[in-house]
Amino acid sequence: DQQVKQNSPSLSVQEGRISILNCDYTNSMFDYFLWYKKYPAEGPTFLISISSIKDKNEDGRFTVFLNKSAKHLSLHIVPSQPGDSAVYFCAASGGHDMRFGAGTRLTVKP
Amino acid sequence: DTEVTQTPKHLVMGMTNKKSLKCEQHMGHRAMYWYKQKAKKPPELMFVYSYEKLSINESVPSRFSPECPNSSLLNLHLHALQPEDSALYLCASSQGQGYNEQFFGPGTRLTVL
Numbered sequence: 001d002q003q004v005k006q007n008s009p010s011l012s013v014q015e016g017r018i019s020i021l022n023c024d025y026t027n028s029m030f031d032y033f034l035w036y037k038k039y040p041a042e043g044p045t046f047l048i049s050i051s052s053i054k055d056k057n058e059d060g061r062f063t064v065f066l067n068k069s070a071k072h073l074s075l076h077i078v079p080s081q082p083g084d085s086a087v088y089f090c091a092a093s094g095g096h097d098m099r100f101g102a103g104t105r106l107t108v109k110p
Numbered sequence: 001d002t003e004v005t006q007t008p009k010h011l012v013m014g015m016t017n018k019k020s021l022k023c024e025q026h027m028g029h030r031a032m033y034w035y036k037q038k039a040k041k042p043p044e045l046m047f048v049y050s051y052e053k054l055s056i057n058e059s060v061p062s063r064f065s066p067e068c069p070n071s072s073l074l075n076l077h078l079h080a081l082q083p084e085d086s087a088l089y090l091c092a093s094s095q096g097q098g099y100n101e102q103f104f105g106p107g108t109r110l111t112v113l
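Protein chains in written order, with the working numbering: chain L, 1 to 110; chain H, 1 to 113.
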């Protein structure tokens, strides 16, 4: 049972435009959400997080939005850069462990 | 030092072999994790150690045996594995169990013949 879902396996965006990656979760006990970025042959790298008491968290070009009623979060990257090309994992935590989505491969074209 | 290191990077083993995966961090983190990741799938949690004690075992078969010798080291002992156990094994650490972001190592690519 996949509790965290990323329904888009891939996304292609032009450099300078906005990238929007989406994530849905089913477990209402999740109260902390994270985005990780993964390059080939490397482990996932923490990018940005949000607690369930917030609906937005911003860090430079990266903004995460949380809609608790819809059990949905999204990651916005603006402006997108070719170096952002990677696999992005959404993760959700309910206290003791963390569940990951299947990932979305983002390709930013120059 | 904000790095989690894992050795070896690649491992090929037969079904009768015994091998170990190693993970190390020097960030003072008190929680360490093992994940298994198959191709095009999300990382799946296997074990969690909190303050050097096993706190979560996600119903992992006994052919995988974790060990936490001290707060900086985490091992995964492998014995009598099956070909379907071939995967990327990721180690992670965090300040504490639960809320804190986890720092991941690069993983060990395991192939079981």
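If you are wondering where the hints come from, they were derived from the structure by calculation, not from laboratory data. All residues carry an ideal CB built from backbone N, CA and C; glycine is no exception. Incorrect hints may have been included.
[Unchecked claim] Cross-link-like lysine to any residue pairs, in silico, SDA-like; alpha carbons within 20 Å at most: (1) K41(H) - T45(L); (2) K38(H) - S69(L); (3) K40(H) - P110(L); (4) K41(H) - Y39(L); (5) K41(H) - N75(H); (6) K40(H) - L66(L); (7) K40(H) - R105(L); (8) K40(H) - I53(L); (9) K38(H) - Q2(L); (10) K40(H) - E42(L); (11) K41(H) - T63(L); (12) K40(H) - S85(L).
[What the hints assert, rightly or not] Listed next, with one range per pair, are the computed distances between beta-carbon atoms: (13) N70(H) - D31(L): 28 to 38 Å; (14) T16(H) - K68(L): 16 to 26 Å; (15) G96(H) - P110(L): 38 to 48 Å; (16) R17(L) - S59(H): 38 to 48 Å; (17) E3(H) - K5(L): 29 to 39 Å; (18) T5(H) - N27(L): 46 to 56 Å; (19) T111(H) - T107(L): 41 to 51 Å; (20) D31(L) - L73(H): 27 to 37 Å; (21) P110(L) - S65(H): 25 to 35 Å; (22) G96(H) - G16(L): 38 to 48 Å; (23) K41(H) - H76(L): 45 to 55 Å; (24) H77(H) - G60(L): 18 to 28 Å; (25) K18(H) - A70(L): 41 to 51 Å; (26) A41(L) - H79(H): 23 to 33 Å.
[Unchecked claim] From chain H, some residues computed to sit far from chain L (all C-beta separations above 10 Å): (27) T16; (28) K41; (29) L78.
So does A41(L) sit 23 to 33 Å from H79(H), Cβ to Cβ?
holds, 27 Å
Do K41(H) and H76(L) keep their Cβ atoms within the hinted range of 45 to 55 Å?
violated, 25 Å
For the pair supplied as a hint, K38(H) and Q2(L), confirm whether the alpha-carbon distance does not exceed 20 Å.
Between K38(H) and Q2(L) the Cα gap is close to 15 Å, so the pair holds against 20 Å.
When you check the alpha-carbon spacing of K40(H) and R105(L), does it fall within 20 Å?
holds, 10 Å
Given a hinted range of 25 to 35 Å, is it respected by the beta-carbon distance of P110(L) and S65(H)?
Given about 48 Å between the Cβ atoms, the range is violated.
Need the status of pair K40(H), S85(L): alpha-carbon distance at most 20 Å?
holds, 16 Å
Just to be careful, I want the Cα atoms of K41(H) and T63(L) compared with a cutoff of 20 Å; is the pair within it?
Distance of about 25 Å is beyond 20 Å: violated.
For the hint 27 to 37 Å, verify it against the beta carbon of D31(L) and that of L73(H).
About 31 Å separates the Cβ atoms of D31(L) and L73(H), which means 27 to 37 Å holds.
Cβ separation of E3(H) and K5(L), checked against the hinted range 29 to 39 Å:
holds, 31 Å
Supplied distance hint 38 to 48 Å, evaluated on CB atoms of R17(L) and S59(H):
holds, 44 Å
Determine whether the Cβ-Cβ distance between G96(H) and G16(L) falls within the hinted range of 38 to 48 Å.
holds, 39 Å
If you check the beta carbons of K18(H) and A70(L), does the distance land in 41 to 51 Å?
holds, 48 Å
Comparing the model with each numbered hint stated earlier shows that hints 2, 3, 5, 6, 8, 11, 14, 18, 19, 21, 23, 24, 28 do not hold.
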